[in-house]
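Protein chains in written order, with my numbering: chain A, 1 to 381; chain B, 1001 to 1396.
Think of the hints as simulated: they come from the structure by calculation, not from any bench. For every residue, glycine included, the Cβ atom is placed at its ideal position computed from N, Cα and C. Just so you know, not all the hints are guaranteed correct.
Cβ-Cβ distance ranges computed for the label pairs, FRET-style [to be verified]: (1) A:E226 to B:E1310: 37 to 45 Å; (2) A:G40 to B:N1281: 36 to 44 Å; (3) A:F132 to B:E1160: 45 to 53 Å; (4) B:K1005 to A:R122: 45 to 53 Å; (5) A:S194 to B:P1135: 29 to 37 Å; (6) A:E226 to B:E1157: 42 to 50 Å; (7) B:N1238 to A:E226: 40 to 48 Å; (8) B:K1005 to A:E203: 51 to 59 Å; (9) A:E222 to B:E1161: 56 to 64 Å; (10) B:G1127 to A:G138: 20 to 28 Å.
Now for the letters of each chain:
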Amino acid sequence: MGRRIAVCALAQIKNEPDIWYERFQGMLWECVEAILQQTGVTFDLKKGIRNVITCSDDVFDARTISDSAITDVVGAHYRGEEKIAQDGSNALGYALACIFSGQDDVILLTGHCKESQSESRRMCTNLAYDPFYCRPLGLDFVNANAFQAREYMVKSGIAEEHLARIVVRSRRNAAKNPYARQNHMITEAEVMKSPMLADPIRELHYYPVTDWAVGMLLCSEERVSEFTDKPVWITGFGNCMDTYFLGDKDLTGNIALERAAERAYRMAGIKDPQRELDLVELNDAVAYQLPLWAEGIGLAAKGKGGKWIDEGGMEKHHVNLSGGMLNGNPIMLGGLARATEAILQLRGEAGERQVAGIHKALAHGTTGAAGQHHAVVILEK
Amino acid sequence: MVHRKKNRNVGIVGIGQTQFSSHREDVNQPEMIQEAVRLALKDAAISMAEVDCVVHGNMELFEMIHQPDLWHVLGTGAYGKNSFRITTGGTTGATLAAAADNLVASGMYDVALVIGFEKLQEGHTTGGITNMADPLWGRNLQTGALTGSTAATMIKEFGEERAKRAAMMMRIILDKHAGLNPNSHRAFGLDFDQIEDLIENSPKLVGELRLIHMCSQSDGACALILAAEEKAKKISKNPVWIRDHITVHREETIHFREDESGEMTHHFAARHLFERNGIANPLEYFDVFEMYDPSAWWAVDWLREFFLLEGDEHLQLVENKEVMIGGKIPINPSGGVIAANPIGATGLVRVAEAALQIRGDAGGHQIPKPVRHALASGFGGTIWTVLFMLEKELDW
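Can you build the whole structure from these sequences, using the hints too?
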């Protein structure tokens, strides 16, 4: 795998609580149209986009074969199209495979989720559980995450104050991000008093329901100059699946994330992530997950998440300057939103939150409850 | 559709299929998947330790399990491994094989385990398919999988008697094939002397698409193990090589494009796949074809599309029984989709069965002549196509 693969173009709409005025097809078309305009890429059968990788979810779209609703919008009429039905960060890994294999040299990648139109919290994620043992108990991602949260807080010395700090920081960072969901500014005291969602997770500890769409154009190294002079290279990818039953796994053991990160680091040739990564975007759907995932990728020492926050780890390693998932990205696209921020930063287009002299970034995505599946993507300038 | 040189060759080294049935009440979903996975590992004579990537897919609204790969890890063996979930509706099974081929050919993974499954008894298949149509524009008109039958156009083109006879003859040939496949969900023991009776008396579904013509709703799973050339040669004495595949989708409703030719996706896919691989005469080149044929009408009609035939050549192939085991181009020696249709697995089963024919391991439904080149197709969505070319030798 000597060749490299680049993201040549990126287009997104603003994250909003409820895009009631537009169908998801329209949200996506804004992104696709912007990419066509930015790059001049076509759907030509020899040189253009012949394969599209989409990310969406049948349950959230309330459509069987959710990708059949967008075939026209993404230009897959008489072209290939394949849907990644897990967190969108995995689509970046699959895009690498499509290009490295020789099957394709230009890939359009899209993601959309209108989380506002379905009962995300209780209904949709309850359906992820088996109908025999777990679903009738009312398990969903919120209360399953709560088990992990409690264990992690005890193990890594995370106090309510830490969580409040993470939430307030997320909103402050997001205020500098024009594509972030607009949320009220809050104080740490307000976070600590917010109603309990599933003990120990409070309402303000959980990402808010959000609608969003994004598009990217990827291509092989030899085609890059046709589309951009600011390529962002995807140099590492790894993902990993953990066990299903909560009782079967070490809830805070981070095995899936550790392996996903190890695989991505190996591919990208990263030996010391703490030193080599200039920017890190973690899929923190819930406040406690930010330090937990930071431990998983080797940014914080194991079991020392609380200390890492106290010592300013989040600022030192430029973690979630976008505001993170916690400020609001739709579920299924959390990881792709992380990659979106990393791409903007590496292109020097992150505005007020731009980190100077940045070369290497990590974007992380997770699927399922309590981090059952993780994906790690390494991006470079 | 141009592609580039494949980065490295990929071979199918393990094949596992469950028994297909209307009701696999003896197993839950992960258990059913585990049956297929175990059989594929046994066939390849490797353990899960050698698999570095698991690829999983189905149509989740059939069983109403959201992100089922999370629960199914109990049966897929994906714990601790790289894993992808990729779906495209009815084409899912074929897409999974294509995706796994890309993942292994890319150099990112050496051995991939591919799993397609469906347990249609746990949901409402027609409701699930109807839910695919746009809620504002199409859903009131969608009749599950019955929308789009080509019975009427074939009758218009070839006359009522000839078209109906050809479709029913195809149905009986496929039933005879299904009778030779112990995994089949349905094999009725039909014979050619029943053609007139069935044409008249099988209950009508839509127009001349009758119940006997239509595919089943099945439970079942299929697993394939794909390995990179070097590894494949170590694992297996006779890996089946994936030469190329192509995916062609089509938008869901009406064609608005100026360049719209009305060419069917199967024809478009076949034309481009054969052109880029230098296959001038596909009917001569391929020894067997496992087609995703949701009904006998489509099975006949699509022969013309896939083999780029003209006029009534496809009808003649059926009328002369050339599509039967022992004929010039056997279609679906396994019995095909009408015999068993666990939808998320169905496309993968086509690839699996084509590979078994190349290996000579198809048992009772092995075709008599040596099989060197096999074709397999997936169908789904709004007339979507995935088309696969499999080879016995690495000599193209």
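Failing hints, ascending? none
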